[in-house]
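*Asks:* Sequence:
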Amino acid sequence: MLQVSEIRANKEKVLIGLRKRGLKEVEEKIDEVLALDDKRKSLKTEMDVALAEANQLAKQIGQLMQSGQKEEAEKIKSQTSDLKETSKKLGGELESTEELLTNKLYELPNVPHESVPEGRTAEDNEVVFQVGTLPKLPESAKPHWDLIKEYDIIDFDLGIKITGAGFPVYKKQGARIVRAMINYFLDQALDAGYLEMRPPIVVNKESGYGTGQLPDKEGQMYHATADDLYLIPTAEVPITNLYRDVILADDELPVKNVAYTPCFRREAGSWGAHVRGLNRLHQFDKVEIVQVTTPEESYKALDGMKNHVERLIKNLELPYRILRLCGGDMGFTSALTFDFEVYSAAQKKWLEVSSVSNFETYQANRLKLRRKVDKKTELLHTLNGSALALPRILAAMLENNQTPDGIKIPKVLVPYTGFNMIKK
RNA sequence: GGAGAGAUGGGUGAGUGGCUGAAACCAACAGUUUGCUAAACUGUCGUACUGGGUAACCGGUACCCCGGGUUCGAAUCCCGGUCUCUCCGCCA
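Using numbering that gives the first Met the number 0, the first residue of the first sequence is number 0, and each one after it goes up by one.
Think of the hints as simulated: they come from the structure by calculation, not from any bench. Hints should not be assumed to be uniformly reliable.
[Claimed, not checked] Cross-link-like lysine-lysine pairs, in silico, DSS-like; alpha carbons within 25 angstroms at most:
| # | residue 1 | residue 2 |
| --- | --- | --- |
| 1 | Lys216 | Lys28 |
| 2 | Lys103 | Lys367 |
| 3 | Lys76 | Lys88 |
| 4 | Lys367 | Lys12 |
| 5 | Lys28 | Lys103 |
Required output: the full structure, derived from the provided sequences and hints.
*Replies:* Below, the structure written as structure tokens:
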């Protein structure tokens with residue numbers, strides 16, 4: 000969530016930024032927040048005065064009682080009831096004002112970085128890199144949903160039987176490739192200096208709010224209502240929340256964590272051809288990298304993460320492009336996001352396989368994730384990126400690497416799979 | 001699931017309703033002493049909001065798991081909730 004102090008100090012910048020997202024009535028919303036904050040402050044001041052006076056009187060009564068001056072004490076007691084009433088009334092108003100303010104702040108997305116292009120939809124994203132030539136497959140080339148049947152490596156019908164649509168069962172060489180990729184991605188992250196974590200894959204409400212999935216995307220998460228827990232849509236949620244309510248020392252920074260987890264997404268409202276095969280699932284595997292760092296370092300860290308992801312995709316020998324997301328397409332909590340897409344040559348489609356973002360202080364503010372600078376506390380910056388999400392990588396790999404003899408496995412994965420070709 | 005115990009600052013842990021934002025100890029930080037290390041000594045040592053000041057800083061309020069209540073006054077008493085631990089049961 001945005002900081003009111005920031006909004007106040009840099010109102011113009013905030014307005015310009017939020018307009019880039021195509022947010023309606025930005026100025027009204029900002030002014031409303033500022034007005035509520037003013038109201039909050041004056042109520043607080045007023046209440047503090049009343050409370051201070053009441054405390055003062057209570058102290059006096061205590062002293063009088065102890066020295067046995069009961070009548071004097073009783074006299075003062077009668078003065079306190081007014082104060083009590085006013086502070087109670089002000090307290091109530093203050094509480095409702097604060098609640099309203101927080102709700103308004105929850106509705107404001109992060110302010111995009113200045114490099115974020117204006118725009119509404121994915122069409123407006125800026126392609127910052129794209130490989131020179133895209134692979135051309137013969138006419139007989141098959142999309143991955145046909146290939147997985149042919150080679151019997153993923154079974155959607157079995158998934159439907161035991162769970163439902165969008166929950167595939169990986170089989171035989173398919174299962175082994177998934178395991179190989181997870182290990183390869185984790186090892187690569189370890190080499191890059193990330194510490195491996197293995198978090199729970201269900202989280203409580205507080206964690207949902209901490210990283211901003213709640214209240215914004217309530218409907219996108221599976222909710223285990225009996226215990227009021229949520230299945231994670233990404234490892235970002237448990238990992239970043241490890242640092243909720245934490246004040247980090249300088250020598251603990253930067254935090255670099257990597258985690259493999261399954262991810263669960265309801266994908267309510269998704270339908271049609273673009274969800275075919277592995278393109279969009281309710282459960283999938285992902286290795287996620289997370290960093291916590293200082294405001295000075297965070298964009299350098301973002302670059303580092305971007306390079307890491309790029310290296311992974313290159314090593315997998317997949318054609319790819321990098322997009323700088325436009326204001327309208329960027330996630331609610333992000334200040335700057337790079338998407339990585341690989342080209343899936345039989346579908347002739349670009350598939351998003353990674354999203355690398357800097358959230359600046361937006362998450363840290365909700366998380367209360369800070370460091371000490373001199374004697375003051377300061378919000379840190381959080382970042383994360385997929386490195387990588389597996390199913391679409393697999394889809395592109397299957398399609399692009401199909402040959403009459405089978406499907407080739409990229410060289411870097413062979414030590415992990417133990418085979419270099421998927422065969423019937 | 002059954003029974004019991006508990007929740008206090010970075011940690012351990014004290015706390016008769018007013019003198020407690022909170023003892024003491026440990027850790028941490030700064031300094032003195034010291035050839036170095038160690039030891040000893042001195043000091044600092046929570047967070048948020050808020051008023052004043054360029055600032056160092058000074059003042060106010062709140063916070064002893066959370067939410068209510070009693071009281072002039074609550075870490076302390078009462079009610080409700082959450083969580084943790086121990087034992088038993090069940091179980092990968």
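*Asks:* All hints, please: hold or fail.
*Replies:* Against the structure, the hints:
Only pairs whose Cα atoms come within 25 angstroms are accepted, and lysine 216 paired with lysine 28 is accepted, the gap being roughly 21 angstroms. Proposed proximity of lysine 103 and lysine 367 is supported: the alpha carbons are some 18 angstroms apart, at most 25 angstroms. Between lysine 76 and lysine 88 the CA atoms are separated by roughly 19 angstroms; this keeps the pair inside 25 angstroms, and the hint holds. Proximity of lysine 367 to lysine 12 is assessed by CA-CA distance (about 24 angstroms); at most 25 angstroms being required, the pair is judged to hold.
Taking the CA atoms of lysine 28 and lysine 103, the gap is about 8 angstroms. The hint holds against a cut of 25 angstroms.
Violated hints for the displayed structure: none, as all numbered hints are satisfied.
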